Amino acid sequence: MTIDYTEFFSTEAKLRKASVMKMPVQEDGISLFTGLPHPDCFPIKGLSIDYLTPDSKFTKQSTLSIKDPEGQSGQGNVYEALQYMNSQGTSFFRKWCKQHIIDFHEPNYNNWDFLVEAGATQSTDAILRTFCDPGDLVLTDNFTYPCFVESCKPLRVEIVPVDVDSDGIDPKQMDEILSELTKKPKFYYAVPVGHNPLVA
Numbered sequence: 001m002t003i004d005y006t007e008f009f010s011t012e013a014k015l016r017k018a019s020v021m022k023m024p025v026q027e028d029g030i031s032l033f034t035g036l037p038h039p040d041c042f043p044i045k046g047l048s049i050d051y052l053t054p055d056s057k058f059t060k061q062s063t064l065s066i067k068d069p070e071g072q073s074g075q076g077n078v079y080e081a082l083q084y085m086n087s088q089g090t091s092f093f094r095k096w097c098k099q100h101i102i103d104f105h106e107p108n109y110n111n112w113d114f115l116v117e118a119g120a121t122q123s124t125d126a127i128l129r130t131f132c133d134p135g136d137l138v139l140t141d142n143f144t145y146p147c148f149v150e151s152c153k154p155l156r157v158e159i160v161p162v163d164v165d166s167d168g169i170d171p172k173q174m175d176e177i178l179s180e181l182t183k184k185p186k187f188y189y190a191v192p193v194g195h196n197p198l199v200a
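My numbering puts the sequence shown at residues 1 to 200.
These are calculated hints, taken from the structure and not from any lab test. Please note that a few of the clues may not be correct.
[To be verified] Mimicking SDA-like on lysine to any residue, the simulated pairs with C-alpha atoms at most 20 Å apart in a straight line are: (1) Lys153 x Gln173; (2) Lys14 x Pro134; (3) Lys17 x Phe131; (4) Lys186 x Asp125; (5) Lys98 x Ser87; (6) Lys153 x Lys186; (7) Lys172 x Arg156; (8) Lys45 x Gly76; (9) Lys172 x Pro185; (10) Lys186 x Asp167; (11) Lys183 x Cys152.
[Claimed, not checked] Each pair of labels, with its calculated beta carbon distance range: (12) Ser56 x Asp133: 48 to 58 Å; (13) Leu181 x Ala120: 23 to 33 Å; (14) Ile49 x Gln75: 51 to 61 Å; (15) Glu150 x Gly194: 14 to 24 Å; (16) Thr11 x Ser65: 48 to 58 Å; (17) Asp133 x Pro37: 34 to 44 Å.
All values reported here derive from a predicted model rather than from experimental measurement. Where is the CB? At the ideal position from N, CA and C, for every residue including glycine.
With the hints as extra help, turn the sequences into a complete structure.
Pasting the structure below:
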């Protein structure tokens with residue numbers, strides 16, 4: 001089942017439109033929209049990486065060599081990694097991530113997708129900007145990720161802390177807070193696993 005979240009979008013998110021970089025190009029045309037450097041501008045055609053192997057419990061070293069096909073300008077993983085890329089990441093990395101999720105996390109529904117981000121702070125900033133306007137409320141653990149708090153401040157999103165212990169949130173206090181709030185919070189930001197300092 002697909003859920004339509006657009007009713008929860010912030011003003012900023014509602015103002016965003018599809019990128020002009022996605023404008024169609026005629027079959028024989030050359031797009032100048034994206035400003036992609038010509039493949040011949042990249043002097044790197046291959047990479048070699050030494051790494052410690054997981055199957056040896058990270059005690060033995062192996063070498064991975066990647067080389068783009070010769071005579072095929074603008075083809076291959078090295079070229080794609082060096083070139084301006086889709087905001088969703090390189091195609092080969094997305095393929096690996098998707099297979100990893102299937103193999104190790106086994107989603108129990110089919111209509112799922114994922115985003116590749118630079119880290120938790122970029123992710124929380126994107127979520128806050130998508131769903132929150134200045135003055136909106138978000139609930140969070142009273143011990144929470146400091147960069148989440150840091151992301152809320154410049155966006156003028158108000159944080160309402162909720163007590164937590166090693167079993168999770170305090171439901172009694174959550175009920176009291178929700179009863180007393182004059183406006184509905186946008187969401188609850190929680191650290192569900194590996195919570196420091198609550199979990200050793």
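Check the following: the C-beta atoms of Asp133 and Pro37 are separated by a distance inside 34 to 44 Å. Given range 34 to 44 Å: holds, Cβ gap about 39 Å.
Would you mind confirming whether the straight-line C-alpha gap from Lys172 to Pro185 stays at or under 20 Å? holds, 17 Å
Decide if the proposed pair is consistent with the structure: Lys172 and Arg156, CA atoms, cutoff 20 Å inclusive. Distance of about 28 Å is beyond 20 Å: violated.
20 Å limit on alpha-carbon distance, applied to hinted pair Lys98 and Ser87: holds, 16 Å
Against the 20 Å threshold, does the CA-CA distance of Lys186 and Asp125 hold or violate the hint? holds, 14 Å
Honestly, do Leu181 and Ala120 meet the 23 to 33 Å range at C-beta? Holds, since Leu181 and Ala120 (Cβ atoms, about 26 Å apart) stay within the stated range.
Consistency of beta-carbon spacing, Gln75 to Ile49, with hint 51 to 61 Å: Violated, since Ile49 and Gln75 (Cβ atoms, about 20 Å apart) do not stay within the stated range.
Is 48 to 58 Å right for how far apart the beta carbons of Ser56 and Asp133 are? Roughly 52 Å apart at Cβ, these two residues keep to the hinted range, so it holds.
Within 48 to 58 Å: is that where the Cβ-Cβ distance between Thr11 and Ser65 falls? holds, 49 Å
Taking 20 Å as the top limit, are the C-alpha atoms of Lys45 and Gly76 close enough? holds, 9 Å
Are the Cα positions of Lys17 and Phe131 separated by 20 Å at most? holds, 16 Å
For a C-alpha distance cap of 20 Å, please report whether Lys183 and Cys152 respect it. Holds, at about 18 Å.
Hints 1, 7, 10, 14 from the list above are not met by this structure, while the remaining hints are.
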